[in-house]
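> For the record, the sequence lines run as chains A and B. Read left to right, the first sequence gives residues 9 to 97 (this note's numbering). Read left to right, the second sequence gives residues 173 to 543 (this note's numbering).
No lab work stands behind these hints, which were simulated from the structure alone.
In the BS3-like style, the derived pairs of lysine-lysine whose C-alpha atoms are separated by at most 30 Å in a straight line are:
no.: 1; chain 1: B; residue 1: K395; chain 2: A; residue 2: K80
no.: 2; chain 1: A; residue 1: K92; chain 2: B; residue 2: K393
no.: 3; chain 1: B; residue 1: K393; chain 2: A; residue 2: K14
no.: 4; chain 1: B; residue 1: K393; chain 2: A; residue 2: K80
no.: 5; chain 1: A; residue 1: K90; chain 2: B; residue 2: K393
no.: 6; chain 1: B; residue 1: K413; chain 2: A; residue 2: K22
no.: 7; chain 1: B; residue 1: K274; chain 2: A; residue 2: K22
no.: 8; chain 1: B; residue 1: K413; chain 2: A; residue 2: K92
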Amino acid sequence: MDSTTKPRLPRGVKLRRDDVRQRWTLLAPERIFEVDETAAAVLQLCDGERDLGSIVAELAARYGAPPEVVEKDIVSMLGGLKDKRVLET
Amino acid sequence: MTAHQAPPPAPPIGVLVELTHRCPLGCPHCSNPLALERPAAELDTETWKRVFSEAAALGALHVHLSGGEPTARRDIVALIRHAAQCGLYTNLITSGIGVSAKLWAEMVEAGLDHAQLSFQGADEATNDRLGHYQGAWAKKRAFAAMVTGAGLPLTVNAVVSRPNLHQVGAFVDLALELGARRLEVAHTQYYGWALANRAALMPPRAETEAAIRLVEAAREKLKGRLVIDMVVPDYYARYPKPCAGGWGRLAINVSPSGKAMPCHAAETIPGLEFWNVRDKSLGDIWRDNPAFNAFRGADWMREPCRTCDRREIDWGGCRCQALALAGDAAATDPACSKSPHHARIEAMAAAEAEAGAGEIRWRSYKETVGA
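Okay, chain A solo, but in the shape it has when bound (with noise of 0.2 Å):
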């Protein structure tokens, strides 16, 4: 994964707010992932049209950070949901 790689969720995988508990789930096949704002927030730009490098301008200045800090914390998140076939490069 680098900053011109472009994230996006498969098909059969949804990101979407579980009202009744009030918080973001993605739901996959036989599977449901429990997703807070911040990792939500990733993921809705995670399209497929947008690189790394835009979601991470993005989300820095979003809020405030320093975008080496938030590549770190984004590419170890999606990679973990890559591992686990939910998220795809």
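Position chain B against the provided structure of chain A, taking the given hints into account.
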């Protein structure tokens, strides 16, 4: 007990609906009840739709459309469409038989999210023999191609027991070849029809453990490529499976005629009255049906469960298995090594596997449908 109202249970994660018991296959490992329900007893379209709406409102996220063969329902497309409109993640659990390209396209268009396709063997001869259906292999492979062709995630579900346990590695290869995103290796659980076939299906312990090791190694090696889940064979286990994730804790199962239960074998337990979705809402059933509360949480447990540090991991194992093997639904599941019955169960399994006998009783929908 009456002075303080118990807090309402956390909502279920998923609802498994057995839309019909009709099925083209005749698998000896079928865990559906011995007496199947008749088509005339099945819920109608509108009632199923209401159940989906109630499930979503209650907090369910996944709906598993199962059976029998769910595509035997003529309204399957309408049911998928409604479930998807409710915001439920729709999972079709199918034999893959009888699904035309036209029907498949309609189900995808209606909002199907995922398909789980069963295989009874990892080659044509084994598959068609154990599914008791000549030509099933070709139809299943064609179905898999439609799923991946549409870009939907495919799960290959392989139920294994003595006749096909040696094919576990071949099932991994099959899942990869078909482009599956997920493989479920389910060691046969001995309920319903499968229990009647146990002597013919029980695998030897050494072979079972080798198969588990093979799957665990494949899971690690294929991380990021193929998700592999395993349902473990519990007669040889140290700890029991947390059946259904705990009684009335994560899931609701609805039978073709509308009976809501914590699992599809729950009806074997005497003294429990399961309410029907025709008469009550799913939310009322989940919260208030005494049968759902009978084994919910840990308060019902006796020793050795009550003080066990795994009581909220295993949830006492399986109530139906406790009844079937220990004669008491409130006992510790004999699959647990702490059960006083465990040694006997293990010896019985080993003896059945060793004998290698027991003629397979093939299931037939027509012959086992209830009067």
